Amino acid sequence: MKKYKIKLDRRSFLKKSGMLGMATLAPGVMLQELAHGRAPDEPASSKNRWGLLIDANQCSEECNACVTACNEEHGIEDFGRPTTDTQYIRKLKLTNESSGESLTIPMMCQHCENPPCVDVCPTGASFIRADGIVLVNKHTCIGCRYCMMSCPYKARSFIHENLENQVPHTPRGKGCVESCNLCVHKVDNGENTTACSEACSKEGHQAILFGDINDPDSEISKKLNKYKTTEVRSDLGLNTAVRYRGI
Amino acid sequence: MYKILSIKIPLILFLALYSGSSITHENINHNIDASSGDKCVEPTDVMRAQHHIFINHQSHETVVNGIRTKKYSLKNCINCHIKPLADGTYPSAKSEEHFCTACHIAAAAQVECFDCHASKPYKKVAKKEEDAQN
Amino acid sequence: MRDKTDYVIVEFSKAILIYGLIALSLIGLGFYSFITLEHEGHWITGMNNQVVWGLPHVFAIFLIIAASGVLNIASISSVFNIKMYKPLGRLSALLAICLLTGGLIVLVLDLGRPDRLIVAMTTFNFKSIFAWNVFLYSGFMAVVALYLWMMFEARYNKFIGKVGTFAFAWRVTLTTGTGSIFAFLVAKEAYNGALLAPLFIALSLLVGTAVFYKILFWMDRGLDIPMGSEIVKRFRKLLIYFIFTVFYITVLSHLTNLYVTKNHGYEFFLLFSLNTYSLLFWGCQMIIGTLFPLLILYNKKLSESAVGILYASILVLFGGFTMLYVIIISGQAFPLDLFPGYSESSTFYDGVEAAYIPSVYELMLGLGGVGISAAIYLFAIMVLDFTPKSLDNDAIALAGIPDPEPKIEENKEEPADEESKEELSEENQDNKQPKAD
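Protein chains in written order, with our numbering: chain G, 165 to 411; chain S, 1037 to 1170; chain C, 27 to 463.
Hints in this document: simulated from the structure, not taken from any laboratory. Values in this document were obtained by computation on a predicted structure and should not be read as measured data. Any given hint could be a false lead.
[To be verified] Pairs of lysine-lysine residues, derived as DSSO-like cross-links and limited to a Cα-Cα distance of at most 27 Å, are as follows: (1) G:Lys257 x C:Lys415; (2) G:Lys257 x C:Lys153; (3) S:Lys1111 x G:Lys350; (4) G:Lys392 x C:Lys288; (5) G:Lys386 x S:Lys1111; (6) S:Lys1075 x S:Lys1107; (7) G:Lys211 x G:Lys392; (8) G:Lys211 x S:Lys1075; (9) G:Lys211 x C:Lys153; (10) C:Lys40 x C:Lys263; (11) G:Lys366 x S:Lys1107.
[To be verified] Taking CB as the label site, the calculated pair distances span: (12) C:Thr282 x S:Asn1112: 29 to 35 Å; (13) S:Gln1086 x C:Phe405: 26 to 32 Å; (14) C:Leu278 x S:Asn1101: 45 to 51 Å; (15) G:Gln370 x C:Asn301: 39 to 45 Å; (16) C:Gly165 x S:Ile1091: 31 to 37 Å; (17) S:Gln1086 x C:Asn301: 28 to 34 Å; (18) C:Gly367 x S:Pro1120: 30 to 36 Å; (19) G:Lys386 x S:His1140: 18 to 24 Å; (20) G:Lys390 x S:Glu1148: 44 to 50 Å; (21) C:Ser39 x G:Asp242: 38 to 44 Å; (22) G:Leu400 x C:Leu278: 46 to 52 Å; (23) G:Asn278 x S:Leu1121: 19 to 25 Å.
Cβ atoms here follow ideal geometry from the backbone N, Cα and C, with glycine treated the same way.
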């Protein structure tokens, strides 16, 4: 009970500091508990904003561990039809047109703060959760694919086949649109990581860092403050929660 | 007299048919695993009439607000109620041996859940299938 | 302002039978395709995760655009007060309803979850153009139905002007809404521009006129509703205006894009790279769909014959269809540039032109929509008196006589045409007042 009260205080404090645009100056002591998991009956809260920091320098061209791990985590089957198969995450190879240097990065839903997919969805099935995760509510998705038209990152896939043997934590079925959900089941469980991030660390690359970018004490926030990072298509002003370093 | 009869006969017919259907309901095999606990999250008659309402409500709470309490979660229904087949694997929702399907066929109500949701427990089935392979 | 035209309920005839059977078989094909898609999923179509909207959407948008376009003929009579078009008013409104129904059914049957249509009708996100369109489309149906009622009921004929004006405003909004589906997609370079809305309006006028003429021609040959040279002359002029309008806005939109350096990639892709889309653009849209009809319409002999205008209409329909295909598909096929200054490649077709080959299922679904439009039309003209008894020059002239004091001055030829030209090009509803009331 007491704990809850402290949280309330912190929330109102954060709100104020956010309004003044000085969230980054907030003393870390007060925010220490933010990273802890929520209780199962506690709704996702806007005091968190989950995101990823992807370090292109750490990403290896040969490695595909994040993609494999994602497919396994969410039970994404390979039907051998690359144009219609679902991809939550993909390895993108970039070649600098002037220098010829190349690098690879994982690309997935960027979890925008102002997502075009949410704007265009006629039924509101595409939505942004309080903690910044952009999701598709498959109970109301009618499969019109307008969100796929609107996404600047080609992050979404349409389920073109009848599916069976889905994994319980990622329900998915024919006729709906889906995309990276930032392993929302892990987030709700307080695991503070994603399948891709875990797999990347396991390979020893540390290219994908998951964390709360609203929490100034989190590792991701510290890095975002310390290093120069980029937002893909920053010209669109979408304020993505996935940031890249080294591009 | 005729007037009363003309009202009563359809009524009697309706009641006869209706009670008939409930008799059928009692008779079908529920395929619910009774060994996993002594009672459900609500009394049986409440669950029988309203389980879809609980599940629908819970689905909204989970997807939109990230609330993952176990009580009315579909995952929990399945984990608790599903009854393994003779070979130790679990039936899929397509088979009448699945506890949802048998009843829903009898009631002629279509289940949409398993268009997307897993109809068998995740870890358990994986283990069983692994065992079967070994 | 009473309606002086005689209308008939069309009797069952050989022409109705033939076209009815064609319509029913198209519906059958569409239904088969729908059932197959529902059962198998969308992987059997040519659509994929890169080109998410394909041929069914081209068909649907074509029909929806044509729907708002055919209503234009009724608008000319009741909004712009050119009374010679009055005998066509009922047909015009009927065709609008038929075509819109056909288009919407294609759109709905192509959804991933068509069974959840009720969700789309009850849950709205008002930031979405799609949600707006649900209201625009259903509202259009209601407004046009009201319009028809005013036209059918002699007592209410006096309201035709007002309701017609409202319907006209509604249809302009509706086509703007349809164009905005694409215009407001910030991510896609090809669609980036509000010019798409006026382009769609112009295209709707053109396609609607062509569809209408095709129906009139069929009525003349199949149903013995004679069509006079006056009608041919007028539709020729309408077609010419609208072809030039569409052409003008098309050129304008490409010039705009060519001026913006970041859009050069797409313009090069579409105009000069000799792929499917540039061939369709130049060959089908520009030459077959724009140049050829103009040649026919300005040819001395052909432009005076009913058949000549029919050919022009058919070419225009073909051109309009390819135009939508080019806009809708090429915009998706053109790769997104996520990282300017880098070339991209991945297993998800980044940085390359996305492949799209329409499947037979998509074609069948689209044709099913056409079949539904045709079937509703054929059914409707057999149960209600939508069809004018005659459209020969006398009937048209009679309709054109102003009501209060029969002066015979603007019932013929040039002056009236000049007026219609000006009023149409302004697209201004305010012009209707003096005589409409």
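**Asked** Which of the numbered hints above does this structure break?
**Response** 1, 2, 5, 8, 10, 11, 12, 13, 17, 18, 19, 21, 22 and 23
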